[in-house]
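S.K.: Model the full structure from these sequences, guided by the hints.
There are 2 protein chains.
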Amino acid sequence: MAKYSKIPEATVRRLSNYLKCLDELESKNEKVVSSATLAAMCNVNPAQVRKDFAYFGEFGVRGMGYRIKDLKNHIKDILGINREWRIAVVGIGNLGSAILVYKDFLKQNYKIVAAFDIDPVGVTGRISERLGKPVEILHVDSLKEVVKQRNIEIGIITVPPQEAQKVADLLVEAEVKGILNLSPVPVRAPEHVKIRNLFFTSALDSLVYYLSK
Amino acid sequence: MAKYSKIPEATVRRLSNYLKCLDELESKNEKVVSSATLAAMCNVNPAQVRKDFAYFGEFGVRGMGYRIKDLKNHIKDILGINREWRIAVVGIGNLGSAILVYKDFLKQNYKIVAAFDIDPVGVTGRISERLGKPVEILHVDSLKEVVKQRNIEIGIITVPPQEAQKVADLLVEAEVKGILNLSPVPVRAPEHVKIRNLFFTSALDSLVYYLSK
DNA sequence: AAAAATTTCTCAAGCTTTTAACAAAATCAA
DNA sequence: TTGATTTTGTTAAAAGCTTGAGAAATTTTT
Chain A
58 MAKYSKIPEA TVRRLSNYLK CLDELESKNE KVVSSATLAA MCNVNPAQVR KDFAYFGEFG
118 VRGMGYRIKD LKNHIKDILG INREWRIAVV GIGNLGSAIL VYKDFLKQNY KIVAAFDIDP
178 VGVTGRISER LGKPVEILHV DSLKEVVKQR NIEIGIITVP PQEAQKVADL LVEAEVKGIL
238 NLSPVPVRAP EHVKIRNLFF TSALDSLVYY LSK
Chain B
58 MAKYSKIPEA TVRRLSNYLK CLDELESKNE KVVSSATLAA MCNVNPAQVR KDFAYFGEFG
118 VRGMGYRIKD LKNHIKDILG INREWRIAVV GIGNLGSAIL VYKDFLKQNY KIVAAFDIDP
178 VGVTGRISER LGKPVEILHV DSLKEVVKQR NIEIGIITVP PQEAQKVADL LVEAEVKGIL
238 NLSPVPVRAP EHVKIRNLFF TSALDSLVYY LSK
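Chains as they are written, first to last, in the numbering used here: chain A, 58 to 270; chain B, 58 to 270.
These are calculated hints, taken from the structure and not from any lab test.
One or more hints might be untrue.
Note: identical chains are not told apart, hence a pair may lie in one copy or across any two.
Claimed, not checked - Straight-line Cα separation of at most 30 Å, DSBU-like style, residue types lysine-lysine; simulated pairs: (1) Lys85 - Lys160; (2) Lys133 - Lys160; (3) Lys88 - Lys205; (4) Lys108 - Lys133; (5) Lys234 - Lys77; (6) Lys160 - Lys108; (7) Lys108 - Lys201; (8) Lys201 - Lys126; (9) Lys234 - Lys168; (10) Lys160 - Lys129; (11) Lys251 - Lys133; (12) Lys63 - Lys160; (13) Lys223 - Lys108; (14) Lys126 - Lys85; (15) Lys234 - Lys160; (16) Lys129 - Lys251; (17) Lys88 - Lys201; (18) Lys201 - Lys164; (19) Lys164 - Lys129; (20) Lys63 - Lys201.
M.R.: Here it is, written out as structure tokens:
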């Protein structure tokens with residue numbers, strides 16, 4: 058991991074993607090995969106696949122390919138997702154509650170260990186009803202305290218746009234390390250807190266750009 | 058628009074982002090913005106901002122900057138979002154219903170004109186109750202027919218992973234032009250149908266990669 | 001009206017990323 | 001065991017993207 062000083066951001070994105078494709082292969086009981094096959098699944102160049110892995114070591118077997126189980130572990134190690142990450146969701150509206158019960162998180166090492174809203178009582182009934190079991194939703198006022206108590210490192214923002222920055226500030230104050238913002242406005246934080254803004258409309262915008270030609 | 062043959066994908070992503078920041082400026086009653094200011098808001102280099110626009114024409118005024126209103130229109134023209142895009146959402150579970158009522162789509166020219174589920178009756182009650190108004194949810198069996206009737210060009214997939222590819226195939230058959238896949242597995246389609254896979258866990262993966270160092 | 005200041009636009013240099021090509025190593029077949 | 005085949009890992013070339021610097025145009029100041 059010292060051989061290369063800088064890893065392209067695109068490589069990181071692709072690693073996460075390879076992982077998804079490896080899951081797919083594994084579910085089809087494949088044991089081994091070549092860079093060519095994986096590349097085809099991910100719409101990238103086979104040389105790219107090999108190069109992406111080469112940044113971090115030698116994971117393959119020449120003449121054979123990559124053992125899927127091993128490769129998955131290597132990628133998880135690289136990404137840092139071979140351990141549990143404790144997450145808080147802030148804003149339990151439609152999107153927030155969708156995230157709360159999002160099955161895919163459970164399979165990963167992402168664990169939602171707290172949910173906050175400005176109206177926990179009003180919201181709790183609605184959510185619990187929908188889930189068929191009670192979910193503990195706390196008032197945002199307790200965010201700082203609870204985030205620290207529960208060792209939460211990541212916050213997911215699913216509040217309305219006008220509240221998004223305020224919540225981001227709260228999360229920063231509570232000393233989370235990273236923020237995933239799903240509200241439709243960009244939020245900002247000091248250098249030491251990493252932010253990912255994920256906008257549905259941006260995904261559509263870029264899709265539409267390519268449709269329009 | 059003939060000066061440059063190929064536009065970097067990163068430029069397209071940034072254009073969509075500039076738009077978000079311009080909205081923000083406009084809401085603060087700003088009329089004009091310089092590449093320096095916009096760059097700072099978007100965490101990019103000012104030269105990058107100017108270059109991104111230069112691909113498509115001359116939108117600025119020297120010594121002054123960019124008129125926000127004009128610039129927004131230019132960007133919308135470039136992206137192709139200055140007209141209405143008609144969308145179908147398939148899979149009205151938690152995430153699907155969140156998307157259905159997602160306020161940000163309404164403000165854009167993205168219009169959800171159909172919703173499908175495998176169990177429209179069971180789901181309708183739940184959704185309508187939550188929205189306080191009845192929402193028409195159709196059976197997936199009618200997808201092809203309705204997509205054509207209603208001139209739908211984009212499909213959003215929010216079904217469980219094991220159904221995702223099937224739904225993608227259905228949408229392709231119904232001749233949509235593009236697909237936004239929010240299910241947690243990659244879906245594939247023939248060349249002529251554009252796909253955007255948007256995975257929550259991928260956003261977290263890349264966030265975590267940078268947190269782990 | 002002229003000078004100073006500002007800011008875009010353009011060009012080219014510099015840097016990064018991707019791709020191709022090939023040597024090296026392992027597997028597979030005879 | 002040997003030879004043929006496969007497929008990785010590596011290097012270097014090619015392509016692509018970002019950035020800096022300066023000319024050109026506009027605004028602001030004097």
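S.K.: Compare the structure with each hint and give your call.
M.R.: Hint-by-hint comparison with the structure:
1. When the C-alpha separation of Lys85 and Lys160 is checked against a cutoff of 30 Å, the pair qualifies only within one copy, where the shortest distance is 20 Å, while the shortest distance between copies is 39 Å.
2. When the C-alpha separation of Lys133 and Lys160 is checked against a cutoff of 30 Å, the pair qualifies only within one copy, where the shortest distance is 19 Å, while the shortest distance between copies is 35 Å.
3. In this assembly of identical chains, Lys88 and Lys205 lie within 30 Å of each other by CA distance neither inside one copy nor across copies; the values are 42 Å within and 42 Å between.
4. Proximity of Lys108 and Lys133 under a CA criterion of 30 Å is satisfied intra-copy only: 17 Å inside one chain copy versus 37 Å between copies.
5. Taking CA atoms no more than 30 Å apart as the test, Lys234 paired with Lys77 passes in both settings, with 25 Å inside one copy and 24 Å between copies.
6. Within a single copy, Lys160 and Lys108 get their C-alpha atoms no closer than 32 Å, and across copies no closer than 42 Å, so neither meets the 30 Å cut-off.
7. In this assembly of identical chains, the alpha carbons of Lys108 and Lys201 never lie at most 30 Å apart, being 42 Å within a copy and 42 Å across copies at closest.
8. In the homo-oligomer, the alpha carbons of Lys201 and Lys126 never lie at most 30 Å apart, since the shortest distance is 39 Å inside one protomer and 39 Å across protomers.
9. Proximity of Lys234 and Lys168 under a CA criterion of 30 Å is satisfied intra-copy only: 15 Å inside one chain copy versus 36 Å between copies.
10. Only within a single protomer do Lys160 and Lys129 lie at most 30 Å apart by alpha-carbon distance; the minimum there is 20 Å, versus 38 Å between protomers.
11. For the homomeric pair Lys251 and Lys133, the shortest alpha-carbon distances inside one copy (19 Å) and between copies (29 Å) are both at most 30 Å.
12. For the homomeric pair Lys63 and Lys160, neither the shortest alpha-carbon distance inside one copy (33 Å) nor that between copies (39 Å) is at most 30 Å.
13. Taking identical chains as interchangeable, the C-alpha atoms of Lys223 and Lys108 are never at most 30 Å apart, the minima being 41 Å within one chain and 33 Å between chains.
14. Taking the shortest alpha-carbon separations for Lys126 and Lys85, only the intra-copy value of 13 Å comes in at or below 30 Å, while the best inter-copy value is 52 Å.
15. In this homomeric assembly, Lys234 and Lys160 come within 30 Å of each other (Cα to Cα) both inside a single copy, at 24 Å, and across copies, at 29 Å.
16. Taking CA atoms no more than 30 Å apart as the test, Lys129 paired with Lys251 passes in both settings, with 25 Å inside one copy and 28 Å between copies.
17. Taking CA atoms no more than 30 Å apart as the test, Lys88 paired with Lys201 passes in neither setting, with 45 Å inside one copy and 37 Å between copies.
18. In the homo-oligomer, the alpha carbons of Lys201 and Lys164 lie at most 30 Å apart inside one protomer (27 Å), although the nearest pairing across protomers, at 33 Å, exceeds that limit.
19. Proximity of Lys164 and Lys129 under a CA criterion of 30 Å is satisfied intra-copy only: 14 Å inside one chain copy versus 41 Å between copies.
20. For a Cα distance limit of 30 Å, the shortest separation of Lys63 from Lys201 qualifies neither inside one copy, at 34 Å, nor across copies, at 47 Å.
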